[in-house]
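Engineer: Letter by letter, the chains look like this.
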Amino acid sequence: MIKKLGLTTTALVAALAPVAAFAQDAAPELNSGDTAWMMTSTALVLLMTIPGVALFYAGMVRKKNVLATMMQSFAICALVTVIWMVAGYSLAFGTGNAIIGDLSKVMLFSVGKDSVFPAAATIPESVFLTFQMTFAIITPALIAGAFAERMKFSAMLWFMGLWSLLVYSPICHWVWGGGFLGSDGVLDFAGGTVVHINAGVAGLVCALVLGRRVGFGSENMAPFNLALAVIGASMLWVGWFGFNAGSAVASDGRAGMAMLVTQVATAGAALAWMGAEWVVRGKPSVLGAISGAVAGLVAVTPASGFVLPFGALVIGLAAGVICFWSATWLKHTLGYDDSLDAFGVHGVGGLVGAILTGVFAVEAVGGTPGALEGNIGQVVTQIVGCLATIAWSAVATYVILRVLDMTVGLRVTTEQESDGLDIALHGERMQ
Amino acid sequence: MIKKLGLTTTALVAALAPVAAFAQDAAPELNSGDTAWMMTSTALVLLMTIPGVALFYAGMVRKKNVLATMMQSFAICALVTVIWMVAGYSLAFGTGNAIIGDLSKVMLFSVGKDSVFPAAATIPESVFLTFQMTFAIITPALIAGAFAERMKFSAMLWFMGLWSLLVYSPICHWVWGGGFLGSDGVLDFAGGTVVHINAGVAGLVCALVLGRRVGFGSENMAPFNLALAVIGASMLWVGWFGFNAGSAVASDGRAGMAMLVTQVATAGAALAWMGAEWVVRGKPSVLGAISGAVAGLVAVTPASGFVLPFGALVIGLAAGVICFWSATWLKHTLGYDDSLDAFGVHGVGGLVGAILTGVFAVEAVGGTPGALEGNIGQVVTQIVGCLATIAWSAVATYVILRVLDMTVGLRVTTEQESDGLDIALHGERMQ
Amino acid sequence: MIKKLGLTTTALVAALAPVAAFAQDAAPELNSGDTAWMMTSTALVLLMTIPGVALFYAGMVRKKNVLATMMQSFAICALVTVIWMVAGYSLAFGTGNAIIGDLSKVMLFSVGKDSVFPAAATIPESVFLTFQMTFAIITPALIAGAFAERMKFSAMLWFMGLWSLLVYSPICHWVWGGGFLGSDGVLDFAGGTVVHINAGVAGLVCALVLGRRVGFGSENMAPFNLALAVIGASMLWVGWFGFNAGSAVASDGRAGMAMLVTQVATAGAALAWMGAEWVVRGKPSVLGAISGAVAGLVAVTPASGFVLPFGALVIGLAAGVICFWSATWLKHTLGYDDSLDAFGVHGVGGLVGAILTGVFAVEAVGGTPGALEGNIGQVVTQIVGCLATIAWSAVATYVILRVLDMTVGLRVTTEQESDGLDIALHGERMQ
Amino acid sequence: MKFVMAIIKPFKLDEVREALGTLGIQGMTVTEVKGFGRQKGQTEVYRGAEYVVNFLPKVKIELAVPDALVAQVVEAIQAAAQTGKIGDGKIFVFNLNETVRIRTGERGDEAL
Amino acid sequence: MKFVMAIIKPFKLDEVREALGTLGIQGMTVTEVKGFGRQKGQTEVYRGAEYVVNFLPKVKIELAVPDALVAQVVEAIQAAAQTGKIGDGKIFVFNLNETVRIRTGERGDEAL
Amino acid sequence: MKFVMAIIKPFKLDEVREALGTLGIQGMTVTEVKGFGRQKGQTEVYRGAEYVVNFLPKVKIELAVPDALVAQVVEAIQAAAQTGKIGDGKIFVFNLNETVRIRTGERGDEAL
Ligand SMILES: Nc1ncnc2c1ncn2[C@@H]1O[C@H](COP(=O)(O)OP(=O)(O)O)[C@@H](O)[C@H]1O
Ligand SMILES: Nc1ncnc2c1ncn2[C@@H]1O[C@H](COP(=O)(O)OP(=O)(O)O)[C@@H](O)[C@H]1O
Ligand SMILES: Nc1ncnc2c1ncn2[C@@H]1O[C@H](COP(=O)(O)OP(=O)(O)O)[C@@H](O)[C@H]1O
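Protein chains in written order, with my numbering: chain A, 260 to 690; chain B, 260 to 690; chain C, 260 to 690; chain D, 1146 to 1257; chain E, 1146 to 1257; chain F, 1146 to 1257.
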């Protein structure tokens, strides 16, 4: 995939090289196995948002907000699909320049049954762009955890639509679409920067701009139905095979290794969070185990096409402990109300993973050595990638929110918040 | 797949042509990529019924009927599997004549490890027939939404068994099995007529013959747990990739395009229903969003291998608005109690999709142009397909129901209905 | 897969033969279609445990234990992943001797992106070992049903870790890893002995050693939320396509036939249990239908690559009736408290399937004829396989439990048991 | 003032509320309860384990009424809640010392 | 007639019902309630957010009894519901002015 | 002894408990109930089917108090539960004949 472009500092050349090589032999041919795996991966990544994220988040809110929380994921799924079709894909993967794509693929008018995207030449472009669409969907859906239980639905739709075009598409272009981060050699196999740091930072800004929920710190805000969250986390885990192994854009050894390291890191992180909690709190919790698993999935995302199982295990263990610390100690100390820890898990886990990818990358797996193989500069490159993502995500998110606050208004009324968003915004209730 | 046969008016010839062409080179060979995708698609379509439809429907009934509603989908899944094995597959896909297949494949005695179905020559027949089996399963499961909360379980089993043999298998044969509708050039890629119009019309007949639920219009019949319905709708969405892209019976560009247009139409319809509701009722509901998504999935089903994204978007938007109207205004005006809108969503959505397929079909995608490409006659052909399906489905369903009413009896007693079907029919309760 | 080794009495020779044949032509090549299907199968089998088994079991316990029950599956998934990486895979599939593998693959240090496991030469070793890992995960997760609602979490982790290394890996090696049962010609396509009899017997020993739940037989222990169990059973059914058809380790006709017979046997067993219950109790229950489906899935597991649909139907019907009897009559008569029928369904269903595989095996499908094709000795071979599995599983499980009872202690206190494990062990509640 | 408590069958709640409405009564408090009595519950069976659920879902209505209305209220409830089948429930009447409307602080009959 | 209300630990319900059965009492109404008292609740922690749940699940039993039986009923409940540990609950006794059996219209002791 | 029953808005429960705590009262029993009254419920719409839910979630507090404390208790509840908006609820006061602490058998004021 485009990620392969990210491996050299002369990305565009590199990107065209294999295609050219192919072209010498013959026209690049579709591979039915690659196509089968990519269609499967697309279904798996869609499953991550609906019902994955929808359940994971809905299981952590109070009863009166369960439906509204699921609604956010579902509506984002529909909205971003159309936005991606209209312009998002073109802005992210149209040739363009180092910063942004172009409008050559607007409305997908240029995509036919036999179209092929050059850097993913063994599968139809329709599959490539739908696979990428599912990434564009899940990223904003993750943000929604930060402002759960208090944002207006109309404002949320506006925010997500603008954010998708102004934040997701550009950053996606930077890393995977031929932009400057990919050219600079930033390693991000499946979205540590593009998806998780991006969503986590945007979430933190949302939590700060919207402010805390009424009653935060005093009222009992215990999750209503953690069983839903466990189902959601399980769907995330399973679906993440499509997310990471699918990012190989092929059904091959690299995809297989990406799947294996995903499994290992996730397990390691689940055990680590559980263990940390057991030591600190005296009891290992279910919420802790699933949070740890998600932290591990997040952290291994950038690393998945670059590391071996042992590196993945270390990444997982680190992510489990560090995200436990950020979601419990850090948040409560700083006092922001990132309701469902979009930043604490995705932002922090993404950072851990992005940086450790620079440490544990193995040349034999992804073509680029990491610090342990002597390429210490890769860690610096990774940090640059993180900083660029953080900067743009934070600034643009802040501006969008402020503009919306002055126009449609971001927050529900106190009365709506106390009645619950289910009845207040959608006229429905869990009986 | 057999749908490819539907493209010409000389279907049988066309059907054999590619096989013959192949045969000239060599025996047609299994393709491991196609086979992988078709096994995946089979799993995805099974997921649509259990737990997809089971949850979608169970989430909309009252607490006392949740388990009984799930039981209907589950039992239908088991029952139709056996019926399809015994005779259903043979009646649908045995050579036979223009109306019905034959008994050559009864009990699947003729199917071995290396059997191949001629029109699906790159995959094992075992996979082809299991894939088709999942369609045969979901169609009756959809009907059950129309008579939820009031039908006897024994009567339901009888009805579904007979319906599968007398209605599903013949109509499946007409369109995909070498029958007259396929020969006439009716376009139905994945089951607009065979599955959705068929199920929707049968549902309407059931709703009319069984009559309304006790308390319909006066008692509060609010859904007990819409979260279940959201999970179900999500499973339907994800699983539908197997339904539509799987109907290409290959892992290729047409499958990829079918997946893409499925996603686009579904998103469009979810937004359209949500928007219509927002305008008319003042609040966009979760039930509306998921109902819209399902309406879009239904409508794009016949179109999926024939249209491009833009056409799909229009089909989705139309289906969202029209099904909103049929499930809210139409039903309440006419006063029938189609409990969970099997007709309002599947019947009406199927009609919208079948007809618009004739409008938006693109020759470069599926080999047949639609009205927009000048082939206005295709719309007429599509309407003929719809009418034939409606006619047989309505008449045969009515006869089966009447016979069962006189023999086993269709409806539970008023007391059982008021106690709830969970305890009354199955001796179990959600605690 | 390795199961293919089980087909002849000269297994090792046979195992190497195809590889050798390949080697004559060229190095064995990865097949992208096979790889795609095996990655998909891996995701499907993972789905069987999380959320499959987690939900199936959680749906059958009382409200106060729902989360703790899900936690068992989830924590086992994480724990066994790491154990499999550290040593489990090596002990099971390292060359070793007839009893146990070796330590050549410890920590997976020897597995690279391009590694291939000789007997699964068309897919990357990373995929093969992750697929096998999901089997190593689900087996202990199944045991947990036997001691639900009363085991300490710490003891459970110790037990599962030790059991995985001391029981699962060896038995897996015996049958699939080049060990003596495979060499002896025991047919076990996807784990009738390795997974189900093994887990069932271990479960029975757990139930006996831990003793009954407080209030067993007097208190109302009705399942809190059977809807969860239906979702779980559905996930199991769908995921089992990966379990059985994935065990072909190829995307071919044998995989397709394995999928078809899985579907047929499952449906047959669901109908059979439901029917038996209808006759004996007067009402067909939802719990009965899903239990029957699982019994059918279990029973067809060893048979799936060896039989045709008709044999599968008979196996399913037999499993449905016999497991109904074991889970209702047998358990209550003998008085042990196998809370969720790990033995009654997996142990008994596994035995039924293992033995009937010897009856219904068809040479044209899996290379080995069964008793119906005149090879009556196969039934004896199958029984030997069952007895060996039962013996080691029972003895080793008993020893592990006794040691743990004397060290960490197996059971929660009576007060914790009455408060419920959710709050007592994990500090959380379903609100 | 009197305090009337009635245990009725759940599906009779709407009828009872309407009957009380015609007497001009608009306030009441409702609780979901389980009733044990002569009426027998249903049997649930889960994999052979039988549980006779001998409680039945009932609804408890509580309302404070002025003395003058008590007789009518009791009669209205009895008429509306009656099916004639076992398990119809009971009506209990208590003395009420004092009532306060929280919003206004009104007391006694004005508070109802 | 008297009206006895008892707040007990949920797992004692069956024993109490049996004890009352031996006195010939077969009707009662049960409600799930939350009790606040000396007994302390458990702490739940969700990602570092601690909630001390200071209410505990209890069960409320309500039954109307003839005056002659009150003392025995109270004693029976107390004996059956007692564990001796904190949180066992309370029994309250009220005067009951009137009872009506909805099904038959019977009043007073006959209605019980 | 008196028995005080109050129907309040659910989110006021914590404040009421604290107010009672300052009077030295630590025991009470709480039930989730549905209130019908002047306050209007919200409308739910499911695919065009409208249900006006005319009951509202309320919380019922019940506590037995010594005669001497009744006035203060009622006042404390009223003050803490008041929002001034419709639907704040009611307080009812009953005579209580007897109280028994199950754990110890204590009776009367000592049992509270
Ligand atoms: N002595 C009692 N005290 C309180 N509630 C009672 C009493 N007897 C019956 N009930 C309530 O009334 C309901 C109906 O009583 P039951 O004996 O079943 O029928 P019926 O009132 O028609 O004789 C019971 O379910 C229970 O809730
Ligand atoms: N004054 C009271 N009024 C009403 N209910 C009370 C009162 N005091 C206690 N309770 C109820 O009794 C239960 C047990 O009381 P608690 O003080 O915990 O233990 P004990 O009764 O053993 O002293 C409480 O949970 C509460 O439901
Ligand atoms: N007569 C009554 N008897 C018992 N409960 C009542 C009565 N009137 C009102 N309530 C309870 O008090 C709650 C609030 O009453 P409502 O009339 O809505 O507002 P307010 O008390 O502010 O006038 C109701 O929801 C109901 O639970």
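The reader is advised that the hints may include incorrect statements.
What the hints assert, rightly or not - List of simulated lysine-lysine pairs, DSSO-like, C-alpha gap at most 30 Å: (1) C/LYS323 - C/LYS542; (2) D/LYS1185 - E/LYS1230; (3) B/LYS322 - F/LYS1185.
As the list claims (entries may be wrong) - Heads up, incomplete: computed chain D residues facing chain E, CB under 8 Å, no partners named: (4) VAL1197; (5) GLN1217; (6) VAL1219; (7) GLN1223.
Stated by the list, open to error - Have a look at the derived ranges for each label pair, beta carbon to beta carbon: (8) C/THR672 - E/ASP1159: 18 to 26 Å; (9) F/GLY1229 - C/ASN479: 25 to 33 Å; (10) E/ARG1252 - F/VAL1197: 32 to 40 Å; (11) A/ILE359 - C/GLU288: 36 to 44 Å; (12) B/GLN675 - C/VAL538: 30 to 38 Å; (13) B/GLN675 - E/GLY1229: 43 to 51 Å; (14) E/GLY1229 - C/VAL658: 56 to 64 Å; (15) E/LEU1168 - D/GLU1255: 19 to 27 Å.
Derived from the structure by calculation, the hints contain no laboratory data. The beta carbon of each residue, even a glycine, is placed where N, CA and C say it ideally should be.
Engineer: Could you tell me which of the numbered hints above are not met by this structure, giving the numbers in increasing order?
Structural biologist: 2, 4, 5, 9, 12, 14, 15
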